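Protein chains: 2
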Amino acid sequence: MRGDPVGLETYWNEDPSDTLRVRQGFRLDEVSTSATPGFDGDKSDAAESLAEGSLILAELQEKLYAGAQMGGDPRRVLLVLQAMDTAGKGGIVKHVMTAVDPQGVQVASFKKPTEEELAQDFLWRIRKELPEAGMIGVFDRSHYEDVLIARVRELAEPDELERRYEAINEFEAELAASGTTIIKVMLHISTDEQRDRLMKRLERRDKHWKFNPGDIDERMLAPMYREAYQVAFERTTMPHAPWYVIPADRKWYARLAVQHLLIDALDAMKLDWPVADYDIEEQKARLAVS
Amino acid sequence: MRGDPVGLETYWNEDPSDTLRVRQGFRLDEVSTSATPGFDGDKSDAAESLAEGSLILAELQEKLYAGAQMGGDPRRVLLVLQAMDTAGKGGIVKHVMTAVDPQGVQVASFKKPTEEELAQDFLWRIRKELPEAGMIGVFDRSHYEDVLIARVRELAEPDELERRYEAINEFEAELAASGTTIIKVMLHISTDEQRDRLMKRLERRDKHWKFNPGDIDERMLAPMYREAYQVAFERTTMPHAPWYVIPADRKWYARLAVQHLLIDALDAMKLDWPVADYDIEEQKARLAVS
Numbered sequence: 001m002r003g004d005p006v007g008l009e010t011y012w013n014e015d016p017s018d019t020l021r022v023r024q025g026f027r028l029d030e031v032s033t034s035a036t037p038g039f040d041g042d043k044s045d046a047a048e049s050l051a052e053g054s055l056i057l058a059e060l061q062e063k064l065y066a067g068a069q070m071g072g073d074p075r076r077v078l079l080v081l082q083a084m085d086t087a088g089k090g091g092i093v094k095h096v097m098t099a100v101d102p103q104g105v106q107v108a109s110f111k112k113p114t115e116e117e118l119a120q121d122f123l124w125r126i127r128k129e130l131p132e133a134g135m136i137g138v139f140d141r142s143h144y145e146d147v148l149i150a151r152v153r154e155l156a157e158p159d160e161l162e163r164r165y166e167a168i169n170e171f172e173a174e175l176a177a178s179g180t181t182i183i184k185v186m187l188h189i190s191t192d193e194q195r196d197r198l199m200k201r202l203e204r205r206d207k208h209w210k211f212n213p214g215d216i217d218e219r220m221l222a223p224m225y226r227e228a229y230q231v232a233f234e235r236t237t238m239p240h241a242p243w244y245v246i247p248a249d250r251k252w253y254a255r256l257a258v259q260h261l262l263i264d265a266l267d268a269m270k271l272d273w274p275v276a277d278y279d280i281e282e283q284k285a286r287l288a289v290s
Numbered sequence: 001m002r003g004d005p006v007g008l009e010t011y012w013n014e015d016p017s018d019t020l021r022v023r024q025g026f027r028l029d030e031v032s033t034s035a036t037p038g039f040d041g042d043k044s045d046a047a048e049s050l051a052e053g054s055l056i057l058a059e060l061q062e063k064l065y066a067g068a069q070m071g072g073d074p075r076r077v078l079l080v081l082q083a084m085d086t087a088g089k090g091g092i093v094k095h096v097m098t099a100v101d102p103q104g105v106q107v108a109s110f111k112k113p114t115e116e117e118l119a120q121d122f123l124w125r126i127r128k129e130l131p132e133a134g135m136i137g138v139f140d141r142s143h144y145e146d147v148l149i150a151r152v153r154e155l156a157e158p159d160e161l162e163r164r165y166e167a168i169n170e171f172e173a174e175l176a177a178s179g180t181t182i183i184k185v186m187l188h189i190s191t192d193e194q195r196d197r198l199m200k201r202l203e204r205r206d207k208h209w210k211f212n213p214g215d216i217d218e219r220m221l222a223p224m225y226r227e228a229y230q231v232a233f234e235r236t237t238m239p240h241a242p243w244y245v246i247p248a249d250r251k252w253y254a255r256l257a258v259q260h261l262l263i264d265a266l267d268a269m270k271l272d273w274p275v276a277d278y279d280i281e282e283q284k285a286r287l288a289v290s
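So the protein lines, in turn, are chains A and B.
So for the first sequence, the working numbering puts the first residue at 1; every next one is plus one.
So for the second sequence, the working numbering puts the first residue at 1; every next one is plus one.
Read the hints as simulated data drawn from the structure, not as lab findings.
Among these hints, one or two may not hold up.
[What the hints assert, rightly or not] Calculated pairs, DSS-like style, for lysine-lysine (alpha carbon to alpha carbon, straight line, at most 27 Å):
{"no.": "1", "chain 1": "B", "residue 1": "Lys-94", "chain 2": "A", "residue 2": "Lys-251"}
{"no.": "2", "chain 1": "A", "residue 1": "Lys-128", "chain 2": "B", "residue 2": "Lys-128"}
{"no.": "3", "chain 1": "A", "residue 1": "Lys-207", "chain 2": "B", "residue 2": "Lys-270"}
{"no.": "4", "chain 1": "B", "residue 1": "Lys-200", "chain 2": "A", "residue 2": "Lys-270"}
{"no.": "5", "chain 1": "A", "residue 1": "Lys-284", "chain 2": "B", "residue 2": "Lys-270"}
{"no.": "6", "chain 1": "A", "residue 1": "Lys-284", "chain 2": "B", "residue 2": "Lys-207"}
{"no.": "7", "chain 1": "A", "residue 1": "Lys-200", "chain 2": "B", "residue 2": "Lys-270"}
{"no.": "8", "chain 1": "A", "residue 1": "Lys-210", "chain 2": "B", "residue 2": "Lys-63"}
{"no.": "9", "chain 1": "B", "residue 1": "Lys-63", "chain 2": "A", "residue 2": "Lys-111"}
[What the hints assert, rightly or not] Among chain A residues calculated to face chain B with C-beta under 8 Å, some are:
{"no.": "10", "residue": "Gln-69"}
{"no.": "11", "residue": "Val-105"}
{"no.": "12", "residue": "Met-199"}
Only a predicted model underlies this, so the values are computations on that prediction, with no experimental measurement involved.
Just so you know, even glycine gets a beta-carbon here, dropped at the ideal spot from N, CA and C.
Sequences and hints are given; from them, build the entire structure.
Structural data, given as structure tokens:
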């Protein structure tokens with residue numbers, strides 16, 4: 001279906017899986033929110049590249065799904081999306097994941113926990129939404145809220161926060177060991193860009209439902225959130241559960257980058273169509289006379 | 001967004017919501033599987049019409065979702081897809097539902113029940129997958145299997161089957177009363193067309209995973225399945241839970257027809273963007289100085 005190695009589709013001159021990956025010594029405050037690292041094109045080039053990637057992604061996803069349906073391949077993918085409001089999580093779900101058969105995608109949005117959820121360990125509600133074998137699971141917010149907003153808003157004691165980083169690492173190690181490829185993404189926008197996007201939501205009647213007065217309160221705490229992200233990166237970046245920070249002031253770049261991370265992850269799984277577990281010629285003969 | 005009344009987009013000369021609806025006196029054995037009732041075009045016209053409908057469907061779905069997010073509108077849609085193997089349920093999910101934001105769609109596939117599921121009432125596993133407020137739920141197979149395969153394969157006693165029709169009617173009445181618009185679709189293909197499609201699955205390496213030797217066994221029972229469908233239509237067609245039988249030998253027609261049923265159902269809900277539950281000017285002022 002394509003001749004180039006993954007990571008080198010049109011206009012990419014670096015592999016975003018390398019470039020955007022959080023490594024030892026990473027500092028969030030040194031990351032530009034408006035850059036387009038590794039991509040050598042503009043918005044219209046990006047549209048072309050996204051369309052190209054959609055076909056690749058769709059085929060890889062179908063192989064992932066097929067493997068679980070026949071042959072019992074236990075593998076699956078979990079894409080975790082974290083960001084401040086308006087950074088574009090919803091747009092990624094809409095513009096990247098629509099390329100894929102809805103039957104093979106499970107989207108879970110984690111809002112403010114309910115009373116029932118608060119009465120349980122913080123991972124309880126997360127476990128219920130994990131993707132099954134063959135699926136791509138997308139978390140719109142996640143268990144990381146429990147060390148982000150929980151830290152900034154002091155919703156948990158310092159000891160409990162400490163425990164949670166460890167619990168997250170154990171949890172993700174367990175997922176990885178049972179066949180889950182984990183991709184953790186933070187979409188990074190500037191406070192100015194966020195103001196513009198929130199203003200747009202206030203100006204457009206068809207966007208009012210996306211705004212909540214609490215979004216401004218959260219916005220005022222942006223510096224504290226950045227610190228909390230920095231700590232989360234330092235405590236929970238693992239070879240089997242990497243973090244990627246994606247400059248997101250340009251929506252088209254963020255979408256393309258996430259699509260690319262997904263393609264790379266699926267490609268690394270060396271997926272192929274499963275081998276028939278029945279005798280093909282025998283079944284053809286049966287079918288012909290049926 | 002469009003000037004024509006719903007049901008009269010390009011190439012449609014009748015409203016499929018009328019034409020395809022199961023009514024008193026309906027006989028499945030009188031329905032052509034290869035016709036394209038109400039549609040005045042060919043495959044390429046259909047592609048154009050599907051693209052047009054996708055934009056309409058996407059906007060309606062976003063309004064449905066928005067209403068639940070702000071304003072607490074409890075309404076939702078449940079699309080039930082039933083058919084013999086290869087009739088195109090999966091293709092409908094893929095080609096109709098990809099138009100819609102994945103965040104607003106829940107697809108549930110009901111396979112052979114597990115031990116745990118069999119130990120419960122047949123509606124137990126169904127209830128767990130019902131769409132939440134604002135969502136479009138799609139059932140790939142459904143509780144109707146419990147009066148279709150269960151009848152044909154004698155997996156339940158006659159008394160229990162009788163009870164199930166009633167239980168289904170009560171269940172669907174309850175869903176409708178709590179704000180669910182129900183659309184029940186049977187995709188209808190000929191046995192010849194089914195043979196061709198199964199053969200294609202056997203001939204193509206990338207389709208082998210979609211084939212199961214049991215598909216041929218089921219195929220041999222097609223006349224009995226048609227009878228079971230006929231009974232199901234007679235027993236469970238209700239004003240709030242109508243059945244539609246869609247000729248499906250032409251995939252492009254079936255997809256377009258289902259898209260149209262969805263559009264009509266959403267249009268009839270008179271959806272609009274929810275009204276802001278905050279003071280817009282006050283929030284603009286707060287945001288400007290944040």
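To see whether the hints hold, each was checked on the structure:
no.: 1; hint: B:Lys-94 with A:Lys-251; verdict: holds (25 Å)
no.: 2; hint: A:Lys-128 with B:Lys-128; verdict: holds (12 Å)
no.: 3; hint: A:Lys-207 with B:Lys-270; verdict: holds (18 Å)
no.: 4; hint: B:Lys-200 with A:Lys-270; verdict: holds (25 Å)
no.: 5; hint: A:Lys-284 with B:Lys-270; verdict: violated (50 Å)
no.: 6; hint: A:Lys-284 with B:Lys-207; verdict: holds (14 Å)
no.: 7; hint: A:Lys-200 with B:Lys-270; verdict: holds (25 Å)
no.: 8; hint: A:Lys-210 with B:Lys-63; verdict: holds (12 Å)
no.: 9; hint: B:Lys-63 with A:Lys-111; verdict: holds (20 Å)
no.: 10; hint: Gln-69; verdict: holds (5 Å)
no.: 11; hint: Val-105; verdict: holds (6 Å)
no.: 12; hint: Met-199; verdict: holds (6 Å)
Hint compliance for this structure: hint 5 is the single one not met.
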